[in-house]
Amino acid sequence: MIRHIWNLVYSTNNLWTSWIHAYHLKGSSLWEHIIGSGLNTSLWFDNWHPDGPIYSKWSSCVIYDSGLSTNAKVNSIVLGDIWRWPVAMSIDLAEIKSHMPSYNPNSILDDIIRWLPSPNGIYSAASAIESLRTHHSLVPWFNIVWFLQMGFILWLAIKGSISTLDRVQRYDPQVIATCVLCNSQNETHAHLFFDCLYSKDIWTQLLNKCGCTWIGLSWNDLIDWISIH
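Its first residue numbered 1, the sequence shown is counted upward by one per residue in the numbering used here.
Derived from the structure by calculation, the hints contain no laboratory data.
Glycine residues also receive a C-beta, built at the ideal position from the N, C-alpha and C atoms.
Heads up, a few of these hints could be off.
[What the hints assert, rightly or not] Below 27 Å or equal to it, Euclidean Cα-Cα: the simulated BS3-like pairs (lysine-lysine) are:
hint: 1; residue 1: K97; residue 2: K57
hint: 2; residue 1: K73; residue 2: K97
hint: 3; residue 1: K57; residue 2: K73
hint: 4; residue 1: K200; residue 2: K159
[To be verified] DEER-style ranges, computed between Cβ atoms:
hint: 5; residue 1: Y55; residue 2: R114; range: 15 to 25 Å
hint: 6; residue 1: P140; residue 2: F45; range: 42 to 52 Å
hint: 7; residue 1: G211; residue 2: V168; range: 31 to 41 Å
hint: 8; residue 1: D172; residue 2: D221; range: 22 to 32 Å
hint: 9; residue 1: I226; residue 2: I129; range: 26 to 36 Å
The task is simple: from the sequences and hints, build the whole structure.
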């Protein structure tokens, strides 16, 4: 996780990084730099300015207009406890100077980096995952799949994504889709879990031990029934 976060910040020639920036971050930043001395914060590329990383919004033109180096740190525009930019040579640079942070720098303090996805500003794996994952509306069966021992397999089964032989056959017509447990019907999700004679025998023995009676629903109807009850 730490390696991926590092790539998000410092790597631009990476397909995964480019995709995350385009579809999840959408131009936003995961970190905010609070300037003290400015010694450890990039003037152009780090997220310290109220409008975000300067380079992201104004490109390389403002670097040329400022007369400062591409590698310049924020301390190059800090004098004691005041902001001190070079004379503005362009409208863009003047705009940057007019929207500076509301606080003053302090040459005797270190810069502070805040992790924005977390309320306390401290990085955690949970907040990193939460900031990158895509949120969708709840599905009706969400409450029946999150038992750790079987959740992943059940989730795949409900979505019809287990590699049953009928699905494998779509990609390789030479595959024989007949169920290897009963040798009577093709192996599908519904067949594998309930319609197969072998599966039915297992369910019958299990339900008898539990003192339950099989309700005889199809796979999809069973998922709907469990979701409601």
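Here is what the structure says about each hint:
no.: 1; hint: K97 / K57; in the structure: holds (14 Å)
no.: 2; hint: K73 / K97; in the structure: holds (16 Å)
no.: 3; hint: K57 / K73; in the structure: holds (18 Å)
no.: 4; hint: K200 / K159; in the structure: holds (22 Å)
no.: 5; hint: Y55 / R114: 15 to 25 Å; in the structure: holds (20 Å)
no.: 6; hint: P140 / F45: 42 to 52 Å; in the structure: holds (46 Å)
no.: 7; hint: G211 / V168: 31 to 41 Å; in the structure: holds (38 Å)
no.: 8; hint: D172 / D221: 22 to 32 Å; in the structure: holds (31 Å)
no.: 9; hint: I226 / I129: 26 to 36 Å; in the structure: holds (28 Å)
In summary, the structure agrees with every hint in the numbered list given earlier.
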